[in-house]
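Engineer: Residue-level listing of the chains:
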Amino acid sequence: MSTLLSVRNLSMRFGGLTAIDDLSLEVPAGSITGIIGPNGAGKTTLFNCLTGFYKPTFGSLVLAHPTRGDLRLEALPSHRVARDAQVVRTFQNIRLFPKMTVLENLIVAQHNVLQRASKFSVAGLLALPGYRKAERDAVERAATWLERLQLTQYADHAAGALPYGIQRRIEIARALCVDPVLLCLDEPAAGLNPRESAELNALLTYLCGELGIAILLIEHDMSVVMNVSDHICVINYGRKIAEGTPAAVQNDPHVIKAYLGEDEEAGVMEESTS
Amino acid sequence: MSTVVFAAHGMTPAERLRDAGWIAFVAFILGVPLIGLTTVDVGGRLAVNTRFGLLAAAVAVAFGGRLALRWAFDRLAARKASRQRAGSAISRTQTIANVLGWIALGAAVALPIAFSDNRYVVDTATTVLIYVMLGWGLNVVVGLAGLLDLGYVAFYAVGAYAYALLSTQYGWSFWEALPVAGAIAAGFGILLGYPILRLRGDYLAIVTLGFGEIIRVILVNWTEFSGGPNGIGSIPRPSFFGLAFTRSAPEGGHSFASFFGLEFSAMHRLIFLYYLILVLALLTHAFVSRLRKLPVGRAWEALREDEIACKAMGMNTTHIKLSAFAIGAMLGGFAGVFFAARQGFVSPESFVFTESAIILAIVVLGGMGSQMGVVLAATLLVLIPEFGRNFAEYRMLLFGLAMVLIMVWRPGGLLAHREPTLRLAKAAGGEQ
Amino acid sequence: MAYALQQLINGLTLGAMYGLIAIGYTMVYGIIGMINFAHGDIFMVSAFIAVTAFTLLAAADVTSIPLALTFVLIVALFFTSAYGWAVERTAYRPLRGSTRLAPLISAIGMSIFLQNAVQLTQGARVKPIPPVIEGGVQLWSTPAFTVQIGWSQLLIIVTTVVLMIAFTWMITQTPFGRQQRACEQDRTMAALLGVNVDRTISLTFMLGAALAAVAGVMVTVYYGVVDFFIGFLAGIKAFTAAVLGGIGSLPGAMLGGLLIGLIESFWAAYLWAEYKDVATFGILCLVLMLRPSGLLGRPEVEKV
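Residue numbers (the numbering used here), protein chains in the order written: chain R, 36 to 309; chain H, 129 to 560; chain P, -10 to 293.
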């Protein structure tokens, strides 16, 4: 499998605090890569560097874009990471547009396409057929994802007023509307009940398997990570401590140590996957 | 908040009295230096006057007001609870707002006909419409894009001075100057906006305030350019398709009155000005409402909701902010041109911070982002002081108070309901 | 040279007053992260209280200057702190945890309200009082120009220095200072650890108002005239000072105040006096664009 994203010698320091320390990582195309590690290990910081919200202190992030060639993500501002590199993320503490409806949230995600079609609002103001078609297409696309994520019934509700689990799904649907090449999910299963987690598993497998979207997944819920990931990378104190298939990672002594401490017996990780 | 305001549920009368007594005590402390004592000029020196009667009255009002408010709140909270059980009435509010909108429009069109010889009414209505237009312009920036602009009056000033200078120096007509002045104001918006739009909300507010003051100080001091504190006078009035509103027709031409075979009346011009601003305001409304349903408008609202999420969706937030700033500035500029043409003179006095605050108050009180709310608030804010001249000096006091109270009790404004820009059911229905 | 020295003295005096007001902005910003727009007007209220108190004293034939100053300061501190407390309680506390715009708009409303309340109750005309402290020392005399430091200027500078020392001691050494800094760092955590957050915030507002009260008394002593509009410009300049020094930083606020005072004095003396306010605004914009964290502030990392 070819490499989609390669992270090389990435470091991120905030003053005296080193959040990421010389981290290197490869994300293969068309697969799901899980990133796990204890709280404060630097997982979200990695996402922030990847999506342009932080400028890394050192290192490079190269995306082998299927049509646009190699892109240096660390040099792009956050909006261009999403727009040009098509690396799209969700947030650990859900960031929807709360007063806008679910459908509007999904339409806003298609802003760049629509803005181009509206010819800087001129065609839009005149309601020219080209723009009207673009808008119809955008709604249709949004409707498809709503359908797929079982959100159709909430389409015209204000996003901020809906239950937590549904908001998580909306955020994923919104990210999908940006048409990602690489989808970065920051704890998508947090706060979901077991049934919802199972649905999430099915969705992630579908996205990756059927649509070929590569997924980078930060998750604490082992029943999700271990079941869907093709490949797992374990981070602690900003460093990579282990890497490999789910089975290999689970039995890695470094990982057990990081999660359970020095003297404890292993076993919890296996239990949680069953 | 809830602990402060609603904890009064089930308060005993004694507790209520003690609570009101505490408020009265605070009012007394605060009132002593400002209400109880005042300094007056006696023969060139200050002397202290006491007004303990007034202070007592203020304390009594505080006491009684607190009791009444508590009671009202408890009732309101109870009613709110029962109404929530009865289900929401969102779509009904919207229908009512729509109907009210059409009634307001009808009234606005009919007003000069009904009051065709009442100069005062037409004049006041014109003032209301200027504020409505300014409110709609600022609504783009504050209400939709969520950028707090405290120097909006600067763009109003740019528009007014642009027309004043273009017309008096270069002989441009109103209609020629209107688009150019709007473009200049938009240019100023971009010029100011580009460096500062990266700033966080509260810093942005202060910088825009500073910008408004800079423009005013320059207008006051750069006498050769702006006429200084005296301003610019004898600005030509707009004509009706080339027909001037003058008593006598120009040589070999027609005035408005002679062309239509009417007897000359000063009211013709006032009514014309009224319809002019009505048309400008309606165009603004149509323009803004349409923009709101376009990608750029939805982007403004998304920006207000969550800037970081916008970036993560690939939106260039700087451009989106700039577009809101420029369009708001342009609309302010248009209003400025009309203001200059109506007054016939402009001076820096019309463009002080208070003016920015009034426009902001209109947007905030009306309900941020709500077009009808702006109309309601502008009408209220202009008309209330007109009803009693004694009231006029309390106008700004009440503005300030209303801004605080509305924020505390109804942060969304008077008409806070937000209508979605599109619905799935409708969009899908249109497709098939 | 002599002229420049005189400007330096004038600038320091002005800067000391801006600095005192700026501390109020910076402390409030530090603890609840909002610009207390009404702070300049609190300062204005205290100047009016000072005028009334001085006039009362004159009517009571009090001639001892130290006695008069002490009385006026105490009166102004008491009433102005009450205003600071009331403003926080009515306009800001109910909006804690609301959107970012709401408290700011409420603050602007409060500022307009205070300005107009004073205008209505005390009149719109300027209030002059007879000079309280006259005279000064001549430091240096050249044939063309005499450099003089007025007693009132000396008083202002000395008071400011003393207050700064007392204040720094309070923030770094006392339990209240500790609670205050704890709330600045993390309000929720502080509350969990038993800090009374509401009380701490109230006290912070009162302290800020108290410093503004001192500045208000000083302005009255120094200029001898006040009007209801002085809070607006003084507030913006003090805010600029707070931003220049790095908002949230107490020494920064003082440093910023001194710099703004000096810049204003020298600008008015050597460049265009009528554009001195433009200079302040210009500095504000430049600082915010180029170095938003100010001279002594720490850069903020955007939380994602």
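There's no promise every hint is true.
[Said to hold, decoys possible] Pairs of lysine-lysine residues, derived as BS3-like cross-links and limited to a Cα-Cα distance of at most 25 Å, are as follows: (1) R/Lys154 / H/Lys421; (2) R/Lys90 / R/Lys292; (3) R/Lys154 / R/Lys168; (4) H/Lys421 / R/Lys168; (5) H/Lys421 / R/Lys275; (6) R/Lys292 / R/Lys275.
[Stated by the list, open to error] If you want a taste of the chain R side facing chain H, the calculated C-beta under 10 Å gives, among others: (7) Thr86; (8) Asp119; (9) Arg124; (10) Phe126; (11) Ala193.
[Said to hold, decoys possible] Quick look at which bits of chain H chain R covers, simulated, 3 or more residues with Cβ under 8 Å: (12) 359 to 365; (13) 430 to 442; (14) 543 to 550.
Bear in mind the hints are in silico, worked out from the structure with no lab data behind them.
If you're wondering where the values come from, they're calculated on a predicted model, not measured in any experiment.
Even glycine gets a Cβ: it sits at the ideal position worked out from N, Cα and C.
Engineer: Let me make sure I understand: some of the numbered hints might not hold for this structure. Which ones are they, in numerical order?
Structural biologist: Violated: hints 2, 5 and 12.
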